[in-house]
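Chemist: Spelled out from the first residue to the last, the chains are:
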Amino acid sequence: MLAKRIIPCLDVNAGRVVKGVNFVELRDAGDPVEIARRYDDQGADEITFLDITASSDDRDIILHIVEACAEQVFIPLTVGGGVRKVDDVRRLLNAGADKVSMNTAAVQNPRLVAEASGKVGSQCIVVAIDAKQTSPGKWEVFTHGGRKNTGIDAIAWASEVERLGAGEILLTSMDRDGTKAGFDLPLTRAVADAVGIPVIASGGVGNLRHLADGVTQGRADAVLAASIFHYGEFTVRQAKEYMRDQGIEVRL
Amino acid sequence: MSSVVVVDYGMGNLRSVAKAIEHVAPDAVVCVSSDAAQIAAADRVVVPGQGAMPDCMRELAARGLREAVIRAAAEKPFLGICVGLQMLFGHAEEGDVMGLEILPGRVPRFPEAAMKAADGSRLKVPHMGWNRVHQAEPHPLWDGIADDSRFYFVHSYYVEPLDPAVIAGSSNYGIPFTSAVARDNIFAVQFHPEKSAQSGLCLLGNFMRWKP
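From first to last, the protein sequence lines stand for chains A and B. Quick note, the numbering used here runs 16 ahead of the 1-based positions in the first sequence. Quick note, the numbering used here runs 698 ahead of the 1-based positions in the second sequence.
Hints may be right or wrong, so weigh each one.
[What the hints assert, rightly or not] Okay, derived cross-link-like pairs now, SDA-like style, lysine to any residue, Cα gap no bigger than 25 Å in a straight line:
{"no.": "1", "chain 1": "B", "residue 1": "Lys-814", "chain 2": "A", "residue 2": "Arg-260"}
{"no.": "2", "chain 1": "B", "residue 1": "Lys-814", "chain 2": "A", "residue 2": "Gln-262"}
{"no.": "3", "chain 1": "A", "residue 1": "Lys-101", "chain 2": "B", "residue 2": "Lys-814"}
[Unchecked claim] Going by beta-carbon spacing under 10 Å, a handful of chain A positions derived as facing chain B:
{"no.": "4", "residue": "Met-17"}
{"no.": "5", "residue": "Asp-114"}
{"no.": "6", "residue": "Glu-131"}
{"no.": "7", "residue": "Asn-223"}
{"no.": "8", "residue": "Leu-224"}
{"no.": "9", "residue": "Ala-238"}
For the record, the hints were derived by calculation from the structure and aren't laboratory data. From the three backbone atoms N, C-alpha and C, an ideal C-beta is built for every residue, glycine too.
Isolated chain A, as found in the complex:
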């Protein structure tokens, strides 16, 4: 059967990997291609680059990183951050990305999801949803790196992007991101049950138990984490061995 995926995520700022806590404090964690290779060696199932470069002058740096990565790392690569138009999607795919993730632009212009998936295929289009709990059992979509509340219901939005042609959802809990308190499991479960496309759980992983919980309780198809891998707390292989011991099917 299909293995549950473990996806290390690299936040890239002007060509360097960084990781923020609650999207604010940034710490330098190294060269993206070198880190991607290390994760590939450890058995990562995919790599995600999230380009958080603010300055538009530095935007093309990510394309060179994607090109270099595609020459050395032979597992799927997803790239997100700053994707605004179909042409941005094309440029990233041509550089060697396998999937492109869009977030704020999809909320501002949902037609972009339909247009992009119509042009390059659903399998290349990931919609990233940043969600925050607003009341018990209710989550809303935030954009602009978590700063702006759209008031849109996160579960309804997930179903809508599926209808528009997204091939996958990258679901991040803004309440948990950077906290190491574990995924928001009710949120993950609610979205995973609502859609027929794969859901990647993100935000809050602090230990290996959290990764397993995302799959068993959150019913995520894949789990994404950054800091537990970047700072050498655990290798991807250790994470997979742990998950296997919990009865979860993984690629080892």
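We have chain A already, so just place chain B on it with the hints.
Modeler: Chain B only, in chain A's frame:
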């Protein structure tokens, strides 16, 4: 030295396929091309493919590459990947189009009713991620790859060959399905060897050495 053309008909991540082949066959001349003459002159041909089957068939025809691909599949080491596998068959449920009809069979979608995991949870479509491939029989392209190794898949449709003798590999996702086919000089896979880490690179290396 061996030359290989990765057929460019405007669909999919060709760069990754070319880079992976360069990685395993550094002496080979690897060329991404939409030129029928170049395809005809190459020692080996790879037809990748991503996205919707109707778009792929339309783009192939629009670039005048239908005949070149059919001829390559008839006479030289030929590797089809993903839609490059699906287009070898006949009727495709996606967009209700016909493929190249080189191999008899059809291309249905994963049936909604069968998309249930053992624990009752829903199996998602597209089938995306790493699944096992059971090797139906020994084949030079499986050399050095353990049976039931995992490869990376992304697809919502699968091939159903009429002739079971062409089945080279099978996988399971709600239902058992054919994930690799082989006949004479043709080998074609539903998964993406260029994205399947060591096992995928091994298969591409085998293809570059293959003398059918």
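Chemist: Compare the structure with each hint and give your call.
Modeler: Do the hints match the structure? See the list:
The hinted pair formed by Lys-814 of chain B and Arg-260 of chain A meets the criterion: a straight-line CA distance of about 21 Å does not exceed 25 Å. A distance of roughly 21 Å separates the Cα atoms of Lys-814 of chain B and Gln-262 of chain A; the hinted pair therefore holds under the 25 Å criterion. Only pairs whose Cα atoms come within 25 Å are accepted, and Lys-101 of chain A paired with Lys-814 of chain B is rejected, the gap being roughly 36 Å. Look at Met-17 of chain A: its Cβ gets to within about 6 Å of chain B, closer than 10 Å, so that hint holds up.
The interface hint given for Asp-114 of chain A is met, as the beta carbon of that residue sits about 6 Å from the closest beta carbon of chain B, less than 10 Å. Interface hint at Glu-131 of chain A: violated, since its Cβ lies 14 Å from the closest Cβ of chain B, which is beyond the 10 Å cut-off. A cut of 10 Å between beta carbons decides the hint on Asn-223 of chain A: the least distance to chain B is about 23 Å, and the hint is violated. Of the supplied interface hints, the one on Leu-224 of chain A is violated, with its beta-carbon coming no nearer than about 19 Å to a beta-carbon of chain B, more than 10 Å.
The beta carbon of Ala-238 of chain A is positioned within 10 Å of a beta carbon in chain B (closest approach about 7 Å), and the interface hint is therefore held.
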